[in-house]
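Under the working numbering, think of the first position of the sequence shown as 1, with each following residue one higher.
It is possible that part of the hints are untrue.
Label-pair ranges, simulated between beta-carbon atoms [to be verified]:
no.: 1; residue 1: Ala22; residue 2: Arg2; range: 17 to 23 Å
no.: 2; residue 1: Met3; residue 2: Gln30; range: 16 to 22 Å
no.: 3; residue 1: Val76; residue 2: Ile7; range: 18 to 24 Å
no.: 4; residue 1: Gln36; residue 2: Asp14; range: 24 to 30 Å
no.: 5; residue 1: Glu6; residue 2: Leu29; range: 17 to 23 Å
no.: 6; residue 1: Arg2; residue 2: Val76; range: 32 to 38 Å
no.: 7; residue 1: Lys49; residue 2: Glu74; range: 17 to 23 Å
no.: 8; residue 1: Ser15; residue 2: Asp53; range: 19 to 25 Å
no.: 9; residue 1: Arg55; residue 2: Gly13; range: 35 to 41 Å
no.: 10; residue 1: Gly13; residue 2: Gly34; range: 24 to 30 Å
no.: 11; residue 1: Ile56; residue 2: Gly12; range: 30 to 36 Å
no.: 12; residue 1: Leu77; residue 2: Leu29; range: 29 to 35 Å
These are computed hints drawn from the structure, not numbers from a lab. A quick note: this is a predicted structure, and the numbers were derived from the prediction, not measured. All C-beta atoms, glycine included, are put in the ideal place defined by N, C-alpha and C.
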Amino acid sequence: MRMRAEIVCAYGGDSISRSIAAALHPDNLQVPKGVQVATVARGKQVITKIEVDGRIETLLATLEDLLSCASTAESVL
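My request is simple: use the sequences and hints to build the entire structure.
Encoded structure:
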């Protein structure tokens, strides 16, 4: 089954959103087969699009990992 999700997080400024997106970028490079992840900073927002061709559990695990990494990046800024 093919599934898609889009997560949009808003921050206090462009530089913060760029820093968060940059921190998430390495996680987007090594993903399992059937998973695509793309993160961009647009103004004060960080937008991540996830596409999974597989199981719902894979999508949920990917979303959990993304949000965990974003939370960690937020805590150090």
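Evaluation of the provided hints:
1. Ala22 / Arg2: 17 to 23 Å: violated, 28 Å
2. Met3 / Gln30: 16 to 22 Å: With a Cβ separation near 20 Å, Met3 and Gln30 satisfy 16 to 22 Å, so the hint holds.
3. Val76 / Ile7: 18 to 24 Å: holds, 19 Å
4. Gln36 / Asp14: 24 to 30 Å: holds, 26 Å
5. Glu6 / Leu29: 17 to 23 Å: holds, 19 Å
6. Arg2 / Val76: 32 to 38 Å: This hint holds: roughly 35 Å between Cβ atoms.
7. Lys49 / Glu74: 17 to 23 Å: holds, 20 Å
8. Ser15 / Asp53: 19 to 25 Å: Cβ of Ser15 to Cβ of Asp53: about 35 Å, so the range 19 to 25 Å is violated.
9. Arg55 / Gly13: 35 to 41 Å: Check passed, 38 Å falls within 35 to 41 Å.
10. Gly13 / Gly34: 24 to 30 Å: For Gly34 against Gly13, whose Cβ atoms are near 35 Å apart, the range 24 to 30 Å is violated.
11. Ile56 / Gly12: 30 to 36 Å: 34 Å Cβ-Cβ, so the 30 to 36 Å window holds.
12. Leu77 / Leu29: 29 to 35 Å: violated, 21 Å
Checked against the numbered hints above, the structure breaks hints 1, 8, 10 and 12 and satisfies the rest.
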